[in-house]
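With the hints as constraints, model all of the structure from the sequences given.
Chains as they are written, first to last, in the numbering used here: chain F, 1 to 257; chain H, 1 to 415; chain B, 1 to 253; chain W, 1 to 509; chain S, 1 to 134.
What the hints contain is simulated information worked out from the structure, not anything from laboratory work.
These numbers come from a predicted model, not from an experiment.
Even glycine gets a Cβ: it sits at the ideal position worked out from N, Cα and C.
A few of these clues could be false.
In silico contact screen, one side only, chain B against chain W (beta carbon under 10 Å); selected entries [as the list claims (entries may be wrong)]:
{"#": "1", "residue": "A31"}
{"#": "2", "residue": "R32"}
{"#": "3", "residue": "P36"}
{"#": "4", "residue": "K38"}
{"#": "5", "residue": "Y135"}
{"#": "6", "residue": "I136"}
{"#": "7", "residue": "K170"}
{"#": "8", "residue": "D180"}
{"#": "9", "residue": "Y206"}
{"#": "10", "residue": "T220"}
{"#": "11", "residue": "L233"}
{"#": "12", "residue": "A237"}
{"#": "13", "residue": "Q242"}
Computed cross-link-like contacts, EDC-like style, restricted to lysine to aspartate or glutamate with a CA-CA straight-line distance of at most 20 Å [said to hold, decoys possible]:
{"#": "14", "chain 1": "B", "residue 1": "K159", "chain 2": "S", "residue 2": "E30"}
{"#": "15", "chain 1": "B", "residue 1": "K170", "chain 2": "B", "residue 2": "D187"}
{"#": "16", "chain 1": "B", "residue 1": "K70", "chain 2": "H", "residue 2": "D153"}
{"#": "17", "chain 1": "W", "residue 1": "K132", "chain 2": "W", "residue 2": "D57"}
{"#": "18", "chain 1": "S", "residue 1": "K41", "chain 2": "F", "residue 2": "D42"}
{"#": "19", "chain 1": "W", "residue 1": "K188", "chain 2": "W", "residue 2": "E36"}
{"#": "20", "chain 1": "S", "residue 1": "K41", "chain 2": "F", "residue 2": "E212"}
{"#": "21", "chain 1": "B", "residue 1": "K70", "chain 2": "W", "residue 2": "E408"}
{"#": "22", "chain 1": "B", "residue 1": "K159", "chain 2": "B", "residue 2": "D187"}
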Amino acid sequence: MSERGTEIDRERRRLLGAAAGAGVALVAPAVVVRALETTPRDAPVDGRVRWGLAIDTAKCAAGCTACVDACARENGLDLQHPPEGAEPADWATQRAVWVRKVRLRDDQTGRETNLPLMCQHCEHPPCVDVCPTGASFKRADGIVMVDRHTCIGCRYCMMACPYKARSFIHEALSDQLSHVPRGKGCVESCNLCVHRRDFGLPSTACAEACAETGHGAILFGDLADPDSAISRFLASEPTRQIREDLALNTGVRYAGV
Amino acid sequence: MKRIVYREWRLAPARYWGILGVLAVMVGAGLLAFAYMEHEGHWVTGMNNSVVWGTPHVFAVFLIIASSGALNIASIGSVFRKPIYKPLGRLSGLLALALLAGGLMVLVLDLGRPERLVVALTNYNFKSIFAWNIFLYTGFMAIVITYLWSMADRKGDPFIRPVGVFALLWRLALTTGTGSIFGFLVARQAYDAAILGPMFVAMSFAYGLAVFVLVLMFGFAEDRRPIGARMLRRLKNLLAVFVLAVLYFTLVYHLTSAYGAKDQGLEGWLLFDGGVYTTLFWVGWILLGSLVPLGILYHPVRGAEAPWVAAACVLVILGGLAALAVVIIASQAYPLQLFPGKTILESGFLDGVGGQPAPYHPTLPELLLGFGGVGLALLITAVGVRVLQFLPESLADEVLPIDEETIEQPVAKAA
Amino acid sequence: MALLTYSYAALFYVAALVLVSGLVVKIVRYARTPAPLKIPTTPAPTSRSGVALRMTREVVLFESLFRGNKWTWIFGWIFHFGLFLVTLRHLRYFIEPVWAPIALVQPFGIYGGIAMVIGLLGLWARRFLVDRVRYISSTSDHLMLALLVLIGTSGLLMKFVFHTDVVAIKRFFLGLYALDPQPLPADPLLLLHLLLVALLMIVFPYSKLLHAPGLFFSPTRNQVDDPRERRHLAPWARALEQQAPAASSDPRG
Amino acid sequence: MAKATFDVPELTPYTEVPAVTPGAMAHSAPFVSKAEFQGPLGFPGELVEDWQTRAIDKMGELLGKYRSLRVYLDSCVKCGACTDKCHYFLGTQDPKNMPVGRQDLMRKVYRRYFTLGGRLFPKLVGAEDFTKEVLDDWYSYFHQCSQCRRCSVFCPYGIDTAEISMAAREIMDSIGVGQKYCNEIIGKVYKIGNNLGLPGPALVDTLEGLEEDVFDETGVKVRYPIDEEGAEILLVTPSADFFAEPHVDGLIGYGKVFHAAGVSWTLSSHASEAANFGMFIGSYDNMRRVAQRIREAAIALKVKRIVFGECGHAWRVAYSFLNTLAGPWDFLDPRYPVPQHICEFTHDLIEQGRLTFDKSENDDKVITFHDSCNVARASRMGEVPGGQFEIPRAIIRATCNHFYDMDEDTIRDRTFCCGGGGGLLTDDLIELRVKGAKPRLDALNNVMQEKGVTHMAAICAICKSQFTKVLPYYGMEMDQIVSLHQLVSNAIVLEGGEDDDEEDAPAAA
Amino acid sequence: VLTAMPASARSTVVPGSEAAGLGACVEPTELMRRQHMEFIKHQRDRTVHGGIRTSKHSLAGCVECHIGHDAQGQAVPIDRADQFCGACHAYVAVDLNCFDCHAAVPRGPMAGSLAEAARRAVDEAQHGQGAVQP
Ligand code: HEM
Ligand code: HEM
Ligand code: SF4
Ligand code: SF4
Ligand code: SF4
Ligand code: SF4
Ligand code: SF4
Ligand code: SF4
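Written as structure tokens, this is what we have:
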């Protein structure tokens with residue numbers, strides 16, 4: 001018995017090496033190293049945490065799209081290609097976008113603001129309320145996402161979302177990443193890099209990328225923990241929710257809009 | 001009272017199969033369009049991440065609310081005790097079923113994952129109006145079938161009225177529910193209005209009746225059965241009243257919108273510079289869909305002539321499609337107002353840079369799918385009247401029951 | 001294991017033999033028996049293609065039954081259509097490679113299975129609830145329904161609750177073709193399912209299940225309505241004519 | 001007038017399906033045929049010694065001769081669709097009058113002797129030995145089937161109980177258990193030429209009387225010829241048409257139509273009967289023998305066409321079987337179908353505009369039409385399927401102003417039998433006939449109440465006789481039943497010509 | 001003993017996959033043959049809704065362990081008709097649409113982590129509860 005166990009162990013190590021090698025070929029080495037240090041979650045998520053983002057628009061730079069690119073890379077959105085025969089203009093309206101960069105001008109003051117806009121992880125998410133099958137759901141830890149095994153692709157959640165945070169997959173995909181399954185006919189949106197959550201990684205791809213560019217405009221953390229960096233930031237800076245009038249108590253807050 | 005005699009639709013086989021053939025081609029084209037959309041993915045449609053519901057939904061919603069409206073005739077006959085409408089009850093029920101089936105077909109075949117229909121039927125989120133609608137639709141089918149049974153079977157006689165009342169209530173719930181699919185979308189300015197519910201009810205009455213009258217006239221003309229002047233007058237008066245009601249709710253809706261400060265942008269856009277949507281609204285919905293038919297129906301001479309009444313019905317139907325296109329598509333094309341007091345200069349995701357509406361160009365597969373639904377509805381009707389006794393033998397004046405024609409307030413009674 | 005495999009293999013060889021030979025004998029006998037007179041139930045089609053259409057409507061839609069009794073029609077049709085879908089789905093156990101159309105429709109066989117059982121229960125309920133049908137039902141009618149319900153429910157249980165090794169089953173049946181039985185999984189439900197199926201195959205040629213081939217031979221349905229245009233004469237009736245010629249069958253003679 | 005010894009059912013607005021009452025009609029059986037009536041048909045005079053084996057043998061023989069029997073005895077799934085379709089069940093409540101109940105009388109014997117299941121497990125599959133009790137049941141209930149085929153319309157496999165009851169009667173005949181009414185009549189046909197036993201001279205007399213009556217009434221010399229060699233058309237009509245009311249009014253009508261058409265025609269004393277009771281007793285031989293008379297008459301009279309008068313089962317035998325039984329008809333005029341129905345003939349003339357009618361002559365009547373079962377479900381008129389429904393109605397519409405159909409479920413191929421067909425039109429079965437007429441009369445009563453219908457037209461001698469007899473039991477008048485050609489006769493406007501007074505009107509050939 | 005037949009004659013495990021070198025699947029093979037769809041379906045709900053990633057029934061885990069390789073050592077999509085999942089399902093005409101969305105070859109930075117979780121769970125099953133396989 002035990003003999004066999006060790007045999008499996010040895011075998012596994014060999015294969016892990018190979019897997020890591022394959023990983024290297026595909027992505028930056030730093031990522032691979034981190035991937036090997038994960039601690040997968042083994043108990044169901046609960047309500048003791050509420051994940052959220054705080055965005056300091058003052059720090060968000062014009063012309064930068066690092067967070068958008070990082071999100072695309074992390075979630076395999078950049079592996080999506082226009083189907084053959086699609087008009088580029090149409091394709092631009094149909095491809096999936098989980099986070100976008102928006103530049104605004106105040107009509108009164110003329111001041112310009114930059115910000116990334118993604119799913120706001122509402123506490124009372126309209127997208128969840130309307131979903132007929134319950135595929136659109138809010139995880140106990142506050143992440144709003146789509147269970148794509150029960151999503152029928154009706155797009156009602158897209159009608160309901162005040163932030164246009166969701167995308168419908170208009171074409172067949174291939175080359176998905178193992179940790180982000182996604183495909184034709186379902187709706188998806190920013191899920192606060194849920195696989196990173198479950199494997200115990202500290203941050204989201206966008207926040208990490210923004211930090212790497214040196215802007216540090218995105219702060220990720222636990223809103224339920226008063227001592228977390230994000231809670232302290234929210235306590236110290238005046239922030240607001242977009243479309244506060246709807247009283248959705250969003251998990252993504254903006255400073256300086 | 002004289003018994004109403006119902007007869008199967010007895011056309012010459014060549015003619016009948018010809019009609020079925022045309023309808024089958026319509027349905028077939030719809031199915032092909034579906035297969036194409038399903039195989040390629042939705043990128044072959046004009047729908048996109050901003051306008052997520054397009055032409056198929058215009059057809060689907062039209063058919064569904066028309067379905068509810070088509071049953072109105074049966075309700076007036078048995079619930080509101082207007083014996084003159086009694087002979088039409090069965091056709092009214094059949095048409096309600098058929099239109100609903102057509103609408104649901106379009107809706108289901110447009111899903112991103114239609115093969116998961118079972119998922120939709122087994123997983124419910126009871127907070128969702130949409131999920132409720134699934135119940136409302138399947139329930140409606142069951143109730144209408146019971147209703148039809150009660151009208152057709154002699155044992156059903158005592159149940160006609162209770163079932164009819166139940167069907168009426170259910171029907172109002174169904175239309176309100178369909179309207180609420182939009183009405184509860186707080187996110188979108190155009191929808192965030194309680195009046196959408198009653199407006200949909202009025203629309204359903206008008207469109208359902210228009211479809212009903214057309215089908216009735218066609219079915220009767222083909223089989224050379226008579227429709228008396230009295231019946232025609234009743235039907236066209238009823239239609240006129242319903243069209244007026246739609247017009248009234250349209251007015252109230254836009255007045256309240258224009259009054260509420262936050263929606264003024266939307267109103268201005270839609271009514272004046274929404275491009276094709278403005279045209280759809282004024283020319284399609286208001287002029288051709290409401291005013292011209294009203295003119296015909298209230299015309300002292302034309303209003304009594306069957307071809308003109310049929311023309312008015314066609315216009316009401318076309319106007320209805322235009323109205324729903326405005327309600328469904330224009331409202332999505334108008335950008336979400338995320339940052340009041342600010343102008344969007346640049347966005348990675350079509351957020352209405354400089355107030356631009358989102359683009360939407362319907363494509364052929366979408367249209368074919370929509371027509372496929374219409375085809376299915378008519379196909380079911382055509383088969384139904386052929387194999388079962390749905391159509392009364394005659395609607396000539398002398399066979400119709402006497403009715404208190406002088407007091408004509410169908411709306412008050414129907415609504 | 002081996003014993004089980006071999007006994008089931010034997011069972012299915014026997015059942016298949018009985019089914020095929022029994023049906024062939026019956027059908028040949030139907031086909032050989034003449035129909036001496038034109039007795040289509042009119043209005044009847046006046047051409048062969050018209051008859052083909054009439055038969056198709058009878059087989060696919062149960063047209064006469066529809067006119068006869070709506071309840072029986074609904075349940076009967078649900079049952080048969082379900083059975084048809086189930087049959088299509090089951091083909092995947094018996095052909096390799098599975099034809100594309102079968103692969104396409106096979107998932108619907110699951111709903112077919114559910115529909116089939118519902119239909120059967122409806123038909124069965126009728127045998128208790130309607131006094132006329134109760135009167136005409138014999139024990140065998142009930143047993144036949146019971147048999148099919150049992151087959152259906154054991155199948156559904158396998159599909160939804162106690163899965164079985166479908167790959168092994170297919171290997172078993174493909175093995176039977178090659179006279180080389182492969183091991184059959186010893187799942188009780190599967191064994192029950194297969195036992196009952198074998199029973200069904202054996203009784204088929206000796207029971208009312210003959211209605212399936214019978215319909216195609218029913219003279220009231222399959223005859224062309226053209227007696228005035230075409231003289232219709234059975235061999236034995238022709239013989240009658242020859243042995244006793246009518247007073248003067250040739251007008252000129 | 002009618003004093004019934006049984007309970008006449010009460011008419012209901014719709015025919016309700018009754019609860020089954022086993023044995024309700026077990027007492028009903030027609031008189032058994034005597035040896036003198038059996039002999040001429042080639043049947044044993046009384047129940048033979050080894051009847052059981054002979055019956056089983058006969059059954060085996062028939063199974064080999066009739067595919068219908070073979071398939072029908074195997075195929076029934078007891079679906080029950082036919083159970084509420086037979087007028088005799090609806091009228092008598094006896095479950096053995098449900099078509100499948102009736103078939104089962106034979107099926108249980110078939111199963112016992114001809115199937116594996118029945119030999120091994122008779123109880124399980126409902127198989128039974130052919131005992132005397134079973135034979136009695138056979139005699140009783142196979143003479144409660146008018147062979148109307150209504151059951152076969154609704155049976156998913158088209159199982160036709162008429163075929164079964166014909167086979168059963170043939171088996172019974174073959175062991176010496178015949179029915180007096182049918183067998184006696186067939187004997188009369190052989191001996192005298194028609195069912196009623198009217199000899200030739202009597203017919204000539206009657207027809208002369210008719211000519212006079214018509215002349216008196218219309219002033220036009222319409223001829224009613226018999227045995228005229230060289231006439232264009234041979235008319236074969238049920239013998240009741242020669243004298244019985246309302247049949248004879250139909251015959252008068254035929255004559256007027258022929259007259260208006262200007263064709264020569266004749267009756268035949270050799271074939272003075274359209275009816276063919278050979279069908280009722282399921283005997284191919286007897287049916288063939290009866291049919292051959294028509295061939296003989298046609299040849300003898302050198303006619304070019306054959307036209308049949310109003311009779312339901314006669315038309316079935318004529319339309320569906322005549323070619324088989326007495327064909328080929330290659331010596332007749334190939335431009336016309338052989339045979340033709342008088343309605344087809346009249347309808348053709350109407351279509352061509354060659355008849356003139358004064359519809360107001362029928363204004364005293366509001367008409368409905370009874371589709372006779374054998375015409376409706378076992379034959380056709382005209383070119384297209386369903387012509388047998390449209391052509392008579394077209395004739396009525398052309399001759400009457402007031403016409404209403406009965407309930408849709410009781411007309412056309414769903415028509416209810418009059419209750420007297422299939423060789424049951426005998427007084428010893430009056431209870432059955434009255435009860436079996438209920439569904440038809442329910443529907444008639446309905447249109448009488450709602451549309452004010454006064455008369456029902458029919459195109460069958462049996463229907464007419466049956467209704468004349470049973471209408472009074474239900475409080476209706478016997479003359480409410482009329483011949484279709486009676487309506488034609490009333491409305492037709494005949495050319496009063498100069499030649500009317502001449503003896504020999506030249507027949508336009 | 002149920003498996004009297006040698007595994008090779010019946011197994012569809014692809015040569016060259018990690019599984020080919022191992023003695024047992026995450027559950028006893030007889031059970032996997034019958035119940036694998038239930039296992040992964042349950043796992044699916046637990047992962048998507050509960051965020052649990054440690055169970056042995058992970059789909060990504062199946063893929064990693066059962067993936068085959070071509071001559072160049074490149075992973076071959078597992079749903080291909082000659083590969084592990086694909087071969088079996090083609091045989092019984094079951095259309096698997098899982099790989100519309102799921103990667104049919106291990107791909108991406110976290111690939112190793114996902115399989116790792118499954119392996120760890122198997123280990124636990126084998127060491128913790130004793131051997132399931134002879
Ligand atoms: C050509 C194919 C077939 C046709 C057209 C056909 C048609 C029918 C019809 C019209 C009925 C009567 C209505 C009803 O009770 O459902 C019936 C009954 C039945 N059929 Fe079929 N059938 C076919 C094949 C089969 C087969 C293959 C089976 C069995 C495996 C089957 C089993 C049954 C049974 C058991 C009943 C009796 C239901 C009862 O007891 O009420 N049929 N069939
Ligand atoms: C030798 C012939 C047959 C074999 C080998 C067989 C085998 C099977 C198997 C393995 C299943 C389970 C399918 C799964 O788990 O996905 C099944 C299901 C089923 N079987 Fe059969 N069966 C046979 C004949 C029949 C017959 C003749 C009937 C009906 C009269 C029938 C009715 C069903 C039904 C209703 C189901 C459930 C639905 C489904 O999975 O298709 N089977 N059968
Ligand atoms: S990466 Fe940081 S700075 Fe750059 S766009 Fe994103 S939020 Fe702004
Ligand atoms: S932002 Fe939109 S998608 Fe995200 S939770 Fe809120 S409503 Fe749902
Ligand atoms: S598209 Fe999917 S997630 Fe969105 S509402 Fe429909 S089913 Fe729910
Ligand atoms: S949290 Fe993750 S999924 Fe969401 S926007 Fe940032 S990178 Fe994308
Ligand atoms: S043929 Fe007519 S009388 Fe005879 S059983 Fe059938 S329905 Fe009854
Ligand atoms: S309808 Fe036909 S199959 Fe059904 S019980 Fe009657 S005879 Fe039998």
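Q: Starting from K70 of chain B, check that the Cα of D153 of chain H is at most 20 Å away, please.
A: Within the cut-off at roughly 11 Å; holds.
Q.
Tell me if the interface restraint on K170 of chain B is satisfied: Cβ within less than 10 Å of some Cβ in chain W.
A. violated, 32 Å
**Q.** Pair hint K132 of chain W and D57 of chain W, alpha-carbon separation not exceeding 20 Å
**A.** Holds, at about 16 Å.
Q: Using Cβ atoms only, decide whether A237 of chain B comes closer than 10 Å to chain W, and label the hint accordingly.
A: holds, 7 Å
Q. Going by Cβ atoms only, is T220 of chain B closer than 10 Å to chain W?
A. holds, 3 Å
(Q) For a C-alpha distance cap of 20 Å, please report whether K188 of chain W and E36 of chain W respect it. (A) holds, 12 Å
(Q) Interface hint check: R32 of chain B, Cβ to nearest Cβ on chain W, cutoff 10 Å. Holds or violated? (A) For R32 of chain B, the interface hint holds, since the closest Cβ of chain W sits about 9 Å away, which is under 10 Å.
Q.
Q242 of chain B was flagged as interface toward chain W. Is the shortest Cβ-Cβ separation under 10 Å?
A. Not OK, violated: Q242 of chain B not within 10 Å of chain W, min 13 Å.
Q | Pair hint outcome, K41 of chain S versus D42 of chain F [Cα-Cα no greater than 20 Å] | A | Measuring from Cα to Cα gives roughly 17 Å; hence the hint holds.
**Q.** Restraint check, 10 Å cut-off on beta carbons, for Y206 of chain B near chain W
**A.** holds, 5 Å
Q: Double-check Y135 of chain B for me: the hint is only fine if its C-beta lies closer than 10 Å to a C-beta in chain W.
A: At about 5 Å, which falls below the 10 Å cut-off, the nearest Cβ of chain W leaves the hint on Y135 of chain B intact, so it holds.
Q | Restraint outcome when K38 of chain B is required to lie within 10 Å of chain W by C-beta distance | A | holds, 5 Å
The structure is inconsistent with the numbered hints 7, 8, 13 and 20, although it conforms to all the rest.
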